[in-house]
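Number of protein chains: 4
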Amino acid sequence: MGQKIEVKVRFAETDLLGHVNNASYFVYLEEARVEFFKTVFPEKKQSFVVASVKCDFLRQAFFDQWLMIQTKVVKIGNKSFDLEHAIIDKNSGELIATGRSVVVHFNFEKQASETITSEMRKQLEQAQHI
Amino acid sequence: MGQKIEVKVRFAETDLLGHVNNASYFVYLEEARVEFFKTVFPEKKQSFVVASVKCDFLRQAFFDQWLMIQTKVVKIGNKSFDLEHAIIDKNSGELIATGRSVVVHFNFEKQASETITSEMRKQLEQAQHI
Amino acid sequence: MGQKIEVKVRFAETDLLGHVNNASYFVYLEEARVEFFKTVFPEKKQSFVVASVKCDFLRQAFFDQWLMIQTKVVKIGNKSFDLEHAIIDKNSGELIATGRSVVVHFNFEKQASETITSEMRKQLEQAQHI
Amino acid sequence: MGQKIEVKVRFAETDLLGHVNNASYFVYLEEARVEFFKTVFPEKKQSFVVASVKCDFLRQAFFDQWLMIQTKVVKIGNKSFDLEHAIIDKNSGELIATGRSVVVHFNFEKQASETITSEMRKQLEQAQHI
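Residue numbers (the numbering used here), protein chains in the order written: chain A, 4 to 133; chain B, 4 to 133; chain C, 4 to 133; chain D, 4 to 133.
A hint or two may mislead.
The list treats identical chains as one, so a pair stands whether inside a single copy or across any two.
With a Cα cut of at most 25 Å, we get these calculated DSS-like pairs of lysine-lysine [unchecked claim]:
1) K75 with K57
2) K11 with K47
3) K41 with K11
4) K48 with K93
5) K78 with K48
6) K125 with K47
7) K57 with K78
8) K7 with K93
9) K11 with K75
10) K113 with K41
11) K48 with K7
12) K75 with K47
13) K57 with K7
14) K57 with K82
15) K57 with K11
16) K7 with K125
17) K82 with K125
Think of the hints as simulated: they come from the structure by calculation, not from any bench.
Turn these sequences into a full structure, and let the hints steer you where they fit.
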């Protein structure tokens with residue numbers, strides 16, 4: 004079911020409501036993308052920017068909780084692709100939040116987006132079946 | 004055009020790409036919601052949770068840049084309402100990012116969502132015309 | 004040499020200088036303390052506050068680097084104790100930063116500091132020999 | 004009394020203990036240094052690194068509180084200088100925390116520390132009398 008990373012909720016990631024602050028989830032999603040890039044495009048470095056991120060919060064998460072974030076490709080476009088993330092409690096498997104990231108293939112030297120090459124497309128398609 | 008807050012980008016909010024880290028935008032959006040709640044519901048305290056947040060990144064923002072975040076009500080539901088945010092460069096007025104938050108009226112004692120009262124609805128409707 | 008935790012530097016923990024932002028180290032030190040409390044005082048919950056934290060930065064740390072943080076007791080006072088932290092590169096063993104935390108035994112109900120009991124003192128002394 | 008900046012505590016800067024998380028203070032101190040550099044060395048850009056930061060926490064700070072951070076030079080060395088920070092409640096003037104930063108004059112191209120020039124020394128000395 005896609006790439007997986009695990010994070011343990013840190014004290015500093017909570018807020019005065021006693022649960023994980025909503026902005027902390029976006030740090031988790033970033034780490035999920037980072038690991039996704041590393042696994043799917045092992046030879047490419049810093050070739051992507053995030054055009055959009057969304058997170059739907061279904062349940063609260065808490066300090067010291069182990070979370071697993073599953074990430075999979077759900078759409079491959081011309082210059083971008085979409086990832087879906089599921090943030091689940093590692094122990095119970097309970098779904099805590101879902102996320103979606105739109106990732107753009109980006110040339111940092113030219114500061115411009117670039118077409119997804121056929122090789123990248125293959126790598127993304129393979130990643131869909133993990 | 005809705006409520007406004009201003010933030011100046013902090014050093015710690017940037018990342019190694021030299022621009023504002025995507026997760027930092029969600030802290031800005033949270034502050035925009037906080038000020039929105041304070042202005043529109045001055046008598047209510049901690050009665051809301053965020054069910055969903057999205058941010059579309061159009062341009063990069065940078066260290067020390069002054070940003071303005073405009074927030075307006077775009078939908079009023081039964082137990083929730085939707086806010087739209089525009090993050091713009093304060094000086095040039097250039098649009099840097101847009102956001103959307105779904106906010107749920109929440110009873111923390113009962114840990115359950117609650118109907119938006121008719122008084123709250125009025126306050127939200129008035130906020131639509133600011 | 005004391006308790007150990009490992010952290011991998013996250014993308015969001017870097018800044019525009021291309022290295023780990025200085026404030027991120029204090030999140031790592033907090034996690035080191037959290038694990039220390041859990042190991043040394045397994046039965047106590049939220050009984051401590053931090054009175055002082057210091058970090059000396061010797062070398063830069065970078066994105067995706069694995070760090071190990073070693074924590075040991077260096078002083079046991081009447082109501083507080085001091086911890087020393089070494090942040091090292093997990094692979095090379097190179098010292099990156101050193102830290103010191105002053106931790107106060109705190110009663111959150113009374114919102115006041117409390118004497119370190121003889122049992123706690125024993126637990127702290129044992130921790131000195133790990 | 005040195006340079007002054009003001010910050011309003013953000014929601015995301017609190018933790019489950021209901022107060023400002025200790026790591027957030029180091030972001031405030033960084034902003035204080037940033038403004039200090041801007042004022043005292045208006046023509047220099049990114050010429051400094053932090054060698055050490057310490058914060059002593061005297062009172063808790065809370066969400067939405069306005070804080071003022073005062074920063075002054077307390078020592079001028081050969082390649083570094085020391086700043087002292089006072090974090091106070093803007094309204095009551097009550098002292099919440101004190102901090103100390105050791106700042107090194109740094110050449111990023113050579114990745115090496117550099118002697119503080121006589122001009123910089125003058126600027127720092129002038130800053131002592133603000």
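Can you tell me if K57 and K78 fall within 25 Å by alpha carbon in one copy, between copies, both or neither? This pair counts as both: shortest intra-copy Cα distance 15 Å, inter-copy 18 Å.
Up to 25 Å between alpha-carbons, please classify K48 paired with K7: within, between, both or neither. within (20 Å within a copy, 31 Å between copies)
Is the C-alpha distance from K7 to K125 at most 25 Å within one copy, between copies, in both cases, or in neither? So K7 and K125 pass the 25 Å test inside one copy only (20 Å; across, 41 Å).
Is the C-alpha distance from K113 to K41 at most 25 Å within one copy, between copies, in both cases, or in neither? Cα proximity of K113 and K41: one copy only (22 Å, versus 31 Å across).
Taking 25 Å as the upper bound on the Cα-Cα distance, should K11 and K47 be classified as within, between, both, or neither? For K11 and K47, the Cα distance is within 25 Å only across copies (20 Å; inside one copy 28 Å).
Within, between, both or neither: K11, K75 at alpha-carbon 25 Å: For K11 and K75, both the intra-copy (21 Å) and inter-copy (22 Å) Cα distances are at most 25 Å.
Give the relationship of K82 and K125 under a CA distance limit of 25 Å: within one copy only, between copies only, both, or neither. within (14 Å within a copy, 44 Å between copies)
Tell me, please, which holds for K78 and K48 at an alpha-carbon limit of 25 Å: within, between, both or neither? within (21 Å within a copy, 41 Å between copies)
Can you tell me if K57 and K11 fall within 25 Å by alpha carbon in one copy, between copies, both or neither? Answer is both: 21 Å inside a copy and 24 Å across each meet the 25 Å cutoff.
How do K7 and K93 come out at 25 Å by Cα distance, when the copy is not named: within, between, both, or neither? both (11 Å within a copy, 23 Å between copies)
Alpha-carbon proximity context of K57 and K82, limit 25 Å: both (19 Å within a copy, 21 Å between copies)
Should K75 paired with K47 be assigned to within, between, both, or neither, using CA atoms and 25 Å as the limit? This pair counts as within: shortest intra-copy Cα distance 18 Å, inter-copy 40 Å.
Hint violations for this structure: none, all hints satisfied.
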